[in-house]
Amino acid sequence: MNLLIIHQNFPGQFRHVALAAQSRPDIAVIAIGRDTAPGVHGIKLLRYRPIRKTSNFAHPYLHKFEEAIFDGQQVRRVLTRLKQEGYYPDVILAHPGWGETLFVKDVYPDIPLINFCEYYYHSKGADMGFDPEFPCAVDASSRLRLLNSMHLLSLEQCDVGISPTHWQRSLFPPMYHSKIHVIHEGVPLHSPEPVPAASVKLPSGHVIKAGQSTVTYVARNLEPYRGFHSFMRSIPYIQAQCPDAQIVIVGGDSVSYGRMPIGYENWRGKMVAELKVDLSKVHFTGNLPYATYKAVLRVSDVHVYLTYPFVLSWSLLEAMASGCVVIGSDTAPVKEVIVDGVNGLLVDFFDGEAIAGKVCNVLRSPGDFSLIKKSSKLTASRFDVEHGVKGYFEIFDRVMSGCCSR
Numbered sequence: 152m153n154l155l156i157i158h159q160n161f162p163g164q165f166r167h168v169a170l171a172a173q174s175r176p177d178i179a180v181i182a183i184g185r186d187t188a189p190g191v192h193g194i195k196l197l198r199y200r201p202i203r204k205t206s207n208f209a210h211p212y213l214h215k216f217e218e219a220i221f222d223g224q225q226v227r228r229v230l231t232r233l234k235q236e237g238y239y240p241d242v243i244l245a246h247p248g249w250g251e252t253l254f255v256k257d258v259y260p261d262i263p264l265i266n267f268c269e270y271y272y273h274s275k276g277a278d279m280g281f282d283p284e285f286p287c288a289v290d291a292s293s294r295l296r297l298l299n300s301m302h303l304l305s306l307e308q309c310d311v312g313i314s315p316t317h318w319q320r321s322l323f324p325p326m327y328h329s330k331i332h333v334i335h336e337g338v339p340l341h342s343p344e345p346v347p348a349a350s351v352k353l354p355s356g357h358v359i360k361a362g363q364s365t366v367t368y369v370a371r372n373l374e375p376y377r378g379f380h381s382f383m384r385s386i387p388y389i390q391a392q393c394p395d396a397q398i399v400i401v402g403g404d405s406v407s408y409g410r411m412p413i414g415y416e417n418w419r420g421k422m423v424a425e426l427k428v429d430l431s432k433v434h435f436t437g438n439l440p441y442a443t444y445k446a447v448l449r450v451s452d453v454h455v456y457l458t459y460p461f462v463l464s465w466s467l468l469e470a471m472a473s474g475c476v477v478i479g480s481d482t483a484p485v486k487e488v489i490v491d492g493v494n495g496l497l498v499d500f501f502d503g504e505a506i507a508g509k510v511c512n513v514l515r516s517p518g519d520f521s522l523i524k525k526s527s528k529l530t531a532s533r534f535d536v537e538h539g540v541k542g543y544f545e546i547f548d549r550v551m552s553g554c555c556s557r
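For what it's worth, the numbering used here labels the leading residue of the sequence shown as 152, then goes sequentially.
Among the hints, erroneous ones may be present.
Simulated pairs of lysine-lysine, DSSO-like, Cα-Cα distance not exceeding 30 angstroms [unchecked claim]:
1) Lys541 x Lys195
2) Lys421 x Lys352
3) Lys524 x Lys486
4) Lys524 x Lys541
5) Lys330 x Lys256
6) Lys215 x Lys360
7) Lys525 x Lys486
8) Lys195 x Lys215
9) Lys525 x Lys509
10) Lys360 x Lys427
11) Lys275 x Lys215
12) Lys352 x Lys215
13) Lys352 x Lys509
14) Lys195 x Lys234
15) Lys360 x Lys528
16) Lys541 x Lys528
17) Lys486 x Lys509
18) Lys525 x Lys421
19) Lys427 x Lys275
20) Lys432 x Lys524
21) Lys427 x Lys509
22) Lys275 x Lys330
23) Lys234 x Lys256
24) Lys432 x Lys330
25) Lys360 x Lys524
26) Lys524 x Lys509
27) Lys432 x Lys528
28) Lys509 x Lys528
The hints are simulated quantities; they were obtained by calculation from the structure and are not laboratory data.
Model the full assembly from the supplied sequences, consistent with the hints where possible.
As structure tokens, then:
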């Protein structure tokens, strides 16, 4: 089987599928990605350079759409060259989020195209307008309609869609639901590692030891979309009730989804300036090597995961598998994974005092939550990478046999 993977930031969400394909002697895999994509060792990556020629005369609503068209054209050029060289994939797996799949079918009209259906925007009921602290622009919903039109074009021409959660699939128009399969890509939960960790040394040199009343929070970047502001506002309450708690905050100071705060270099600076906290017991680690990050989770007693209604972070599943008690926001799609009081605890995203109350309940009586921890690990095991890869390859087999063709 010839498998072609298209992802702006290859491998992105397709890392485990790409590695599994690479390891199979009957599969030849190549990829297309931007010139900034990290790639995967041993997998041929054809890079394209994005062109930014957005017209000053175009309507502002069209700027992102124009960028998507330019990227789609660049991918089409790569595909055309491949076809001229005699390359024909059996399956194309792609993330359409930046326009790369817009013209795939113009080059390979009869090749099954599987799109990763990550997110379809809504002006109400999802991330947009969720946080009253950051009101939307008056024309936000109108801009989203234009952005969604690009996603609709990609969805219309693909043969199959894959969405990581049922909630994410539900955001797409109902007429396409039968086309979209729910398969989480999987998280490497069973990699060999010492369990439990006795201690972990942070970049600052501070050592966190197991059994030390440790609270963790993780996000790719510390920003409101992942509830960083709400978590920070819970810290004064945590420190008042549990003064010995060590709080470890993992994540960068950029933004992945929102905007930087006005008047501050980053959200960390803004929240530290806003609050009175004992910073000697709050440890900002920045981004950590993966092994160190996993060790931090293993020494943690309680992990807080907060998010707008948006895409689900891998860190939630990794925390659930690590053996600590996870407190998650009562938002979608967290509620699809955590059942309150069964495999974790749910809390109001905005209520810092309630977050602190649940955190300190766990820290005071960790033995009372042993069944929740056990159930949490069991839930996480359903999202192991082996299950995700198996689901993807089952879809490959089905489209190649014509079972999922339109």
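Contradicted hints - numbers only: 6, 12, 18, 19 and 24
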